[in-house]
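4 protein chains.
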Amino acid sequence: MIIINFKTYSEATGQRAVELARKAEKVKRETDASIGVAPQFADISSVAAAVDIPVFAQHVDPIKPGGFTGHVLADSVKEAGAVGTLINHSERQLRLSDIEGIVRLTREKKLLSCVCANNPSISAAVASLEPDILAIEPPELIGTGIPVSKAKPEVITDTVRLVRKANSKVTILCGAGISHGEDVVAALKLGTQGVLVASGIVKAKDPYTIIREFADASRT
Amino acid sequence: MIIINFKTYSEATGQRAVELARKAEKVKRETDASIGVAPQFADISSVAAAVDIPVFAQHVDPIKPGGFTGHVLADSVKEAGAVGTLINHSERQLRLSDIEGIVRLTREKKLLSCVCANNPSISAAVASLEPDILAIEPPELIGTGIPVSKAKPEVITDTVRLVRKANSKVTILCGAGISHGEDVVAALKLGTQGVLVASGIVKAKDPYTIIREFADASRT
Amino acid sequence: MIIINFKTYSEATGQRAVELARKAEKVKRETDASIGVAPQFADISSVAAAVDIPVFAQHVDPIKPGGFTGHVLADSVKEAGAVGTLINHSERQLRLSDIEGIVRLTREKKLLSCVCANNPSISAAVASLEPDILAIEPPELIGTGIPVSKAKPEVITDTVRLVRKANSKVTILCGAGISHGEDVVAALKLGTQGVLVASGIVKAKDPYTIIREFADASRT
Amino acid sequence: MIIINFKTYSEATGQRAVELARKAEKVKRETDASIGVAPQFADISSVAAAVDIPVFAQHVDPIKPGGFTGHVLADSVKEAGAVGTLINHSERQLRLSDIEGIVRLTREKKLLSCVCANNPSISAAVASLEPDILAIEPPELIGTGIPVSKAKPEVITDTVRLVRKANSKVTILCGAGISHGEDVVAALKLGTQGVLVASGIVKAKDPYTIIREFADASRT
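Protein chains in written order, with this note's numbering: chain A, 1 to 220; chain B, 1 to 220; chain C, 1 to 220; chain D, 1 to 220.
Keep in mind the hints are simulated off the structure, nothing from the lab.
Remember, it's a predicted structure, so these values are computed and weren't measured experimentally.
Backbone N, C-alpha and C fix where the C-beta goes; we use that ideal spot for every residue, glycine too.
Here's a subset of chain C near chain D, in silico, CB distances under 7 Å, partners left out:
id, residue
1, Thr13
2, Gln58
3, Thr69
4, His89
With a straight-line Cα cutoff of 27 Å, these simulated BS3-like cross-link-like pairs (lysine-lysine) come out:
id, chain 1, residue 1, chain 2, residue 2
5, B, Lys109, B, Lys28
6, D, Lys152, D, Lys203
7, C, Lys64, D, Lys203
8, B, Lys203, A, Lys64
9, B, Lys165, D, Lys169
Let the sequences and hints guide you as you build the complete structure.
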């Protein structure tokens, strides 16, 4: 599984978000790899209307409909076309009770939950909340191009070991610095089921080629 | 000026956001009153595509394009069709330095800024940041149906007085509990230039009639 | 084990914090029950100087010495006499990564960690971080005088069950609404090792009598 | 006026906070300069007991006595011996409504308020809240040793100009990078009434000498 986080990069905002999602969809059609995209809130509806791959929100708030100006309602991103959401990305970290509340909320709303964690110990805590997907991303490697699977393989293996003690079902992704197909291969060998990737694809000169490289690697 | 804040009410989410915005646009065409709407982030693009009245975001973050997963980029809401944004709503209060940074950012991006304030003293502080619009809303009256213009007229008159000392140009709105045309008339008589309204319209049985009542009142 | 949280109650501020701690110490001497107190930051040094029972901070920040104006440094509360700290109380909730960081920090600094949790699922997540003490407190019962051990015994039994799956060593306390000795007895019967209590003692007419009642109950 | 912010530096924690405050008091006795110190919460009572110069808290929360575990109550720091508090330091930035609430609270409690601001525009907003003291500190210079009075004199002159339009009474301090007596002289020439200083004194090899230099400079 590959989830592409568009963050708030200008290369993946507005019309460019739609174009990037189309490239991901093309690779999905060619390879049948599992690929999702996580555009900004305001781009969810146009991206979801344009492509037939899973669209994730980057965050939702632990709220029900009501008076919460400026917050992100799960129903809203779902109606716009999202099928899931990132939760607790290292750039949008949350209180433990909110992570728990949002995971519960996504379950009620039939949205996929992908909770991010910074290290093995946090991953173990997250695992016991039973999200659908857990993404381990050491924040110090995010955006560096230094792949976690090479620089800190023990972070991944420790995470897999601790998470599996508590939870045999959760899909484990890893992220941070993933830029080449070989990084994806390494991540899978270390026991994960895929990658969460951002700048490695969004800021690539030719995103299609990199997505394709990732997809091929994820199926070896 | 009337700005309708859709908050995260289910009555104004997704397709219902578009329908409500269409009612506001109908009144605008009939009366030529100045009416804007502030839907949720994920609804900005569909609302902006459907209607020809100003669309505001409910919040933007003080960020430039980059690695800010789960945040709201000004460029993103602008490309989706927003012409301005609410800032510091009492349900989404911000650090002073962030309010200042966002007002500056909206100026750069040619977006209208509507900064909310809870009381006259805070309004005076906001006024010196020179936003385009300032909305005074005593939080204890929000959603009560008790109009600030009747329950606490001195909050409005004190705000107008303090704000005008520092700033002669900012448009002053008032909000909280505004539900009838007469509340709008009262708000204007107290020295404001309009209202920021939410449940009074969004949760009304017949929103079109109330918007029309507000629009007529705002032009007397 | 009984930990008395002084919160920011005026009955337990300044000189009254010292007096209340002395009552707890008296009961400790009389009964040999394990009793700790958690006064406000500014009262730690005078309380720790006055009594010979464990003193906890109510919070510490996940920081090392440096430029963190207005934050709470672990070294500072330790030098003032604290032997441990509450973490993530429902009135001071923290990001998951900060809870993890603070637990790690307390371990380095040889301070006891008492992490609070709102429900069984959050308790399970906390347990995997391996704090010394875990306190389950349903926030909706805090300050009500309705004891969790009577109103929601399943919250406690579920917590004990989930926590023990991950962690056999952590001391489990329960809190919220604990006001009588019988509530302590009930809490112990449900599988906890003691209570975290605040208003039940701090706001009691005769705190000494209640502390004594709790201590006797904790030793039955 | 000179306020020395001890931050959470290890050089100014616990017993070393008391020693540093004694040096400041010595200079005060020798020169009669106005010097205050802002130690960590847990050190307020021992510092205030040891010296006869004004002691400030580094922060207080906008709360009344009650259930606010882990927060900082104004009554608590006052009873411990503080006569005022820093508010909104750039390392502990606050919501606008909280700054306003805390300034109001300090007025009720007869505590001095020293509100920090990052730039001239924010200073103008702060000035309208009528604190006793306003400290302008460009955060990018904090801890650098590059004095704001030399590197960005226009930040200070713009601040003085904007603040004085709204408020003729507030004491204006400047901070960031202040390390030598000449920096203090420059700050006064630019229209301020003193300095807020931290590492320049706390991390100096011989703090007494630097404090004395500052005090002499502040009286030229």
